[in-house]
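Residue numbers (the UniProt record's numbering), protein chains in the order written: chain A, 1 to 283; chain B, 1 to 291.
Since the hints were derived computationally from the structure, they do not count as laboratory data.
No residue lacks a Cβ here, since even glycine has one placed at the ideal position from N, Cα and C.
Be aware that one or more of the hints could be misleading.
[Claimed, not checked] Derived list of chain A stretches under chain B, where covered just means 3 residues or more per stretch with a C-beta under 8 Å from a C-beta of chain B:
id, stretch
1, 183-189
2, 192-205
3, 257-268
[What the hints assert, rightly or not] What the simulated footprint calls covered on chain A by chain B, stretch by stretch (three residues with Cβ under 8 Å from a Cβ of chain B suffice, anywhere in the stretch; the number is not a length):
id, stretch
4, 9-23
5, 156-170
6, 238-246
Listed below, chain by chain, are the residues.
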Amino acid sequence: MFPTPVEKRSLPFNISYRVAVWIALVLWLLPLIAVMMTSARSVADINAGNYWGIPSEWMLIENYTMVFTQTPMLQYLLNSLVITLPAVLGSVALSTLAGYALAKFPFKGNVALFAAFIAGNFVPFQILMIPVRDLTISMGMYDTATGLILFHVAFQTGFCTLFMRNFIIGLPDELIEAARVEGVSEWKIFIHVVLPLIRPALAALAVLIFTFIWNDYFWALVLVQSDEVRPITAGISALKGQWLASWQLIAAGSIIAALPPVILFFAMQRHFIAGLTLGATKG
Amino acid sequence: MQTLRSKQQQWMPIVFLLPAVILFAVYVIFPIAQSIWLSFFEWDGLGEKTFVGLANYEELFTDYQFWIALKNNIYWLVFFMLAPPLGLAVALFLNQKILGIRLVKSLFFFPFVISQVVVGLVFSWFYDPSYGIFNNVLGFFGVEPVAVLSDEDWVTFGIIVAGLWPQVAYCMILYLTGLNNLSPDQIEAARLDGAYGWRMLWYVILPQLRPATFIAVVVTVIGALRSFDLVATMTSGGPFGSSTVLAYFMYEQSIFNYRAGYGAAIATVLFLIMDVYIAYFLWRMLKSEKA
Chain A
1 MFPTPVEKRS LPFNISYRVA VWIALVLWLL PLIAVMMTSA RSVADINAGN YWGIPSEWML
61 IENYTMVFTQ TPMLQYLLNS LVITLPAVLG SVALSTLAGY ALAKFPFKGN VALFAAFIAG
121 NFVPFQILMI PVRDLTISMG MYDTATGLIL FHVAFQTGFC TLFMRNFIIG LPDELIEAAR
181 VEGVSEWKIF IHVVLPLIRP ALAALAVLIF TFIWNDYFWA LVLVQSDEVR PITAGISALK
241 GQWLASWQLI AAGSIIAALP PVILFFAMQR HFIAGLTLGA TKG
Chain B
1 MQTLRSKQQQ WMPIVFLLPA VILFAVYVIF PIAQSIWLSF FEWDGLGEKT FVGLANYEEL
61 FTDYQFWIAL KNNIYWLVFF MLAPPLGLAV ALFLNQKILG IRLVKSLFFF PFVISQVVVG
121 LVFSWFYDPS YGIFNNVLGF FGVEPVAVLS DEDWVTFGII VAGLWPQVAY CMILYLTGLN
181 NLSPDQIEAA RLDGAYGWRM LWYVILPQLR PATFIAVVVT VIGALRSFDL VATMTSGGPF
241 GSSTVLAYFM YEQSIFNYRA GYGAAIATVL FLIMDVYIAY FLWRMLKSEK A
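Bound-form chain B, shown alone:
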């Protein structure tokens, strides 16, 4: 009886895992390898594949569009990093117990729940050159109207601001939860020691919020590198490709220009950039697992 039971304990986890592992392997793990493999071929997506070695990558590094996309991805990464501090600021502002604050907090969270396609549409109105509120406000201060989404210098920043809207909401929720779990003893002790305001925030509160900060930074980095929906809905990468990002550039090359091999090379580059963060996250996660 004992052996029978332990045998069951040996093969049952395999049964439990099998469906998930098979699907995940077929749709996620295996395609990663296939994409990397494809990036060494010239392929229109339908006909014969021709092996071209590193030619796609060589072309990529001399492609003007690629550098624009990469530069824009770096802008996304840098400016998206405003989301955690802004989210913390909003969370500190709302961390009070007044009448109706629960409703206010949920409404602040709204932008994260709605689809990025809708966020993109909303911000396209916001920036509308003739009637948009953005230009109304500029006009109020006597500034000439700016057509943000058709201006090569401003367009990427315009889209990033739209992306920050839901991202700040996400970070706010993470910090509100963190603030809820602060240790009251430590705060009281610090108050008795005369800590208040910024010093309190920096030396007492922030160290306790470290787990929330870690998650906020991870999801923000992933969000910045995944930016596709907003670029696709707001500008389709335009004007003249000036607001494209790697994710959109890849989609455009593979679907519209029938260059699947080239697209796979772009995806591989994006994947390699992302890997740095994935590795860091895994390392942190497994380290805390052992502790």
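Okay, chain A solo, but in the shape it has when bound:
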């Protein structure tokens, strides 16, 4: 283990390290702690410039109630779910199929196709913006959840295929061959042999992609304009324009926007990190 474990050091070192870790954590999260506290502040506090101290009175419930009743935040939250969940499902499904084909079927152009998926996943969004916007408009899907979902599915398929292919290639060929000798059809092999083996990878990928799509801001600006469809990232920044001085509302809204990915991260931490660091230990 590196650095040397603190247990092997002197007692004073041990104590100061244990204290330092928590101080560092508070400093690291200071901006976020401030937002949390601001979401519980009163208007009087904000006007008096008490941005960073302890709120003089706690308005937690009042502020959050107001966000949900006076602003379209609830609508934004639902919109984000309506967009994110199908998009996650779609990209994971498509890329699992594609990843399996690329991992276990040698055919001409296999590597070239794989390279295209990887490269596409890294391109700047701006090079896609105008054509994707035109395409969405011409299909009558501008300002609809479907338009946004379709794009997310298509784009995330690049990263997801890379991910699934690299995971599936590690599965033993013998299992698939054995099923083929038994005369099982290729589709049934995929469903009954491959899918059960890749469940952890599916979970990791789904959690990761959920966060990516939930936090998308650029495409929410480009493909959507009305409150009825707008996801929470674009919603928050629209609120910022309308409620200029009401920091406590913006703060509460920010916390609400951050919560779903944070909860998901804590609930499925191991999967999340496994997904994120794929390739960081080998390759």
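Given the structure of chain A, go ahead and fit chain B onto it with the hints provided.
For chain B alone, coordinates are given in the frame of chain A:
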């Protein structure tokens, strides 16, 4: 029977690949070509397109705003490169087995999980000229308050610091995973040979962390060139376009100024810059694939 089976093996991969390939081609591969094509036209986004050859690019290279955006993108690239070493430093600091360290590590990772729009808002407060904690701290040391986000000289650095916050968290996680997979034998052997501290880190640990470093650098470069969300939420490119980056400049020209052809030219330049890194990544990836 044998031939039937092998036939199925021939066409099934096509069936498996088809939906993904079609969507990816329609929404990613094809639009790249369309954008490059569009960059040779003058177009307001709605009406007739007029072919203008290289005029958009000629205009671009004499456009003051373009050079500012490009310069800022270079700042982003250079200063974002602080993320991997900082992430490594945090990872080394937290790589201990004390009570509650798991929770501490996850909380350190927090900034990466939340949306950049929220990060942008948080840092706008942080820099607030009258009440922000940044200026409170400056005031404590007797320094005059700086309105970071409305100061042409400081604004880009202010945004980059906000961007580093989640990026350092990302690199930290990559390195923590790498540190978990170090070979204990090598470390013990090096300790017996009298290596410790910096020498140990440089000659024994870092070479073993190379895969983590590679991923950290790649995602950091991509992150720096993709910077859009923070610029859009914190300053909208201002004041007077001084904090714009290519990604935001392109969006502004196409959506607000109705200059889709010109926007496509900006996007093409950004795409060409990115291609250098994409090519390098692919080359590395395919090389390790063959080995």
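Q) Honestly, which of those hints from before does the structure not fit? A) 2, 6
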